[in-house]
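**Student:** Each chain is listed here by its residues.
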Amino acid sequence: MTKKKGGVFTKFYIALILIFLYSPIAVMIITSFNKGKTVVWKGFSLKWYGELFKDKAILGALVNTLTIALLASFFATILGTMAAIGINNFRGKKRAVIQNVSNIPIISPDIVMGVSLMLLFAFLGNIFNFEMGYVTVLISHICFCVPFVVLNVIPRLRRMDQSIYDAALDLGCNQFQAFFKVVIHELMPGIISGFLMSFTYSLDDFIITHFTQGAKFQNLSTEIYAMLRRKIPPTINALSTLLFVTIIIIMIIINVRDRREEKRNSGR
Amino acid sequence: MKTRKLTIPYIIWMLVFTMIPIVMIGITAFTDKSGNFSLANFQSAFHYSGVFTKSLLIALISTAICLVVAYPLAYMMTRMKKSTQNTVIMLIMIPMWMNFLLRIYAWVILLQKNGPIDSALSMLGIHGTYIGNTAAVIAGMVYEYLPFMVLPIYTVMSKIDNGLIEAAQDLGSNNAAVFGKVVFPLSIPGIISGITMVFVPSASTFLVSQYLGGTDDIMIGDVIDKIFWTDQNTGSAISLVMMVFIFIFLVIMNLFGDEEAIA
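The listed protein sequences derive, respectively, from chains B and F.
Counted from 1, the first sequence has number 69 at position 69 by the working numbering; the numbering is strictly sequential.
Counted from 1, the second sequence has number 1152 at position 152 by the working numbering; the numbering is strictly sequential.
Since the hints were derived computationally from the structure, they do not count as laboratory data.
Glycine included, every Cβ here is placed at the ideal spot set by N, Cα and C.
Accuracy of the hints is not assured; some may be wrong.
Unchecked claim - Below, simulated DSS-like cross-link-like pairs (lysine-lysine); rule was C-alpha separation at most 27 angstroms, straight line: (1) 1033(F) with 11(B); (2) 1005(F) with 1082(F); (3) 11(B) with 1159(F).
As the list claims (entries may be wrong) - Here are some chain B residues pointing at chain F (derived, C-beta under 8 angstroms): (4) 8; (5) 10; (6) 12; (7) 101; (8) 240.
Looking at chain B on its own, in the form it has when it is part of the complex (with noise of 0.2 angstroms):
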């Protein structure tokens, strides 16, 4: 009996919190089809659709995020992945040392990253004279995405049994051979959880790309950032809805393809 009671409570309880999550969200994406300018309901209008498309900055912003966190969580694989494996074989202090600066990124505010990173590449720029910009940003996402993709392999790392390496290079692989046949599969989870935070992370990135974006660059968030000063919501709101549609598809795509796997793996 108390059992169900919980049940009840659970369910509004969960509901309360999806309402709180939501309705700024629902708000937003109504308001996009406002025909006006503020809040107050004028009537049915996509004209903001309209506008938004003939917005060519917001556009180039778009690509922007999108390469930028490709290439950022590109890179930081590799480079992570590579530093997890060479970690794991260190014992004792080093290895202690080496983890703990892993992390600075991690437990290190996002504005301190942000200025740290721009006082560098300013003395840096003065030194070999280049202006921030795509570069710039492009390094900054990298150094917070590393740390993501290292903590998620070396986990892996740890459960995989040595022996397979070792039978592999018994068999004649090379440790080249050995890495990309054998233990690369072992490490293809932590991998892809890696990569895929280091992708989310870039994507919603705002405060570090503020810093290190010079004066011509833009991503999604800082372009989002200089329509919201030029007082032009309206569009920002047509916006809002289209990636909030957008993440809605992706999701259930996956969760279909998640269900079907399932599906299989269990018919098996």
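Chain B is already provided as a structure; the job is to place chain F on it using the hints.
**Tutor:** Here is chain F on its own, set in the frame of chain B:
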């Protein structure tokens, strides 16, 4: 054994792009514009002690609210069917994939004058302003960072061995005792990483208070952002002080964790 060499690129990378920049903050904080040693930056940083206090206060309140809201949620989730658990987790994560700025801006729309909340309450005869105060900032913070509290607590709780709970029940514990003596102590690591993951960003972020707060709700992140573009020395000093505060906080949190683990 040769694989140790694989860390070399990583170590060089971390040195150049993580350690050196942090050292540069330290150097910039202790020098003046012409590069001589100076403590004047910390003197100017001291002018913002009110902002520091307010930021820490807002971060602490937001973290506490997140914990109070997230803990029961995580507990309830672990008692649901596995497929429902996955759905709820997904529903909690989806807003996180919306852009950081869009999430705050959604709150601006919700709370602004003539916005949905204002007009709904006006119809009931209640008039007031809901934006431009500390409460709105805290609401925005909780909205931004609640998932960071839910996820670690949920992950740790869902790994608790059911056998332990059953054993406690068999030994005569009622539900409250099972929770107090088994589930809660085992969930402490999750609580600690949740608190860290919410407190650090909410103490140091900027923009949330700019968009949702009033004129006296400036946070330390906003100050750093404003100052750094013109005065890197004072900006670095403020960043350094903030880092020290956060470092002390992390050390205290870790002490808690270790003590509980031993007890």
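**Student:** It remains to establish, for every hint, whether it holds in the given structure.
**Tutor:** Here is what the structure says about each hint:
A C-alpha spacing of about 59 angstroms is found between residue 1033(F) and residue 11(B), which places the hinted pair above 27 angstroms, so the restraint is violated. Proposed proximity of residue 1005(F) and residue 1082(F) is contradicted: the alpha carbons are some 43 angstroms apart, above 27 angstroms. The straight-line distance between the Cα atoms of residue 11(B) and residue 1159(F) is roughly 23 angstroms, inside the 27 angstroms bound, and the hint therefore holds. Contact between residue 8(B) and chain F, as hinted, is not supported at the beta carbon level, the nearest pair being about 12 angstroms apart and thus beyond 8 angstroms.
Residue-level restraint check for residue 10(B) holds (minimum Cβ-Cβ distance to chain F is 5 angstroms; threshold 8 angstroms). About 10 angstroms separates the beta-carbon of residue 12(B) from the nearest beta-carbon of chain F, more than 8 angstroms, and the hint is not met. Satisfaction of the interface hint for residue 101(B) is found here, the shortest Cβ-Cβ separation to chain F being roughly 6 angstroms, below the 8 angstroms cut-off. The beta carbon of residue 240(B) comes within 5 angstroms of a beta carbon in chain F, closer than 8 angstroms, and the hint placing it at the interface holds.
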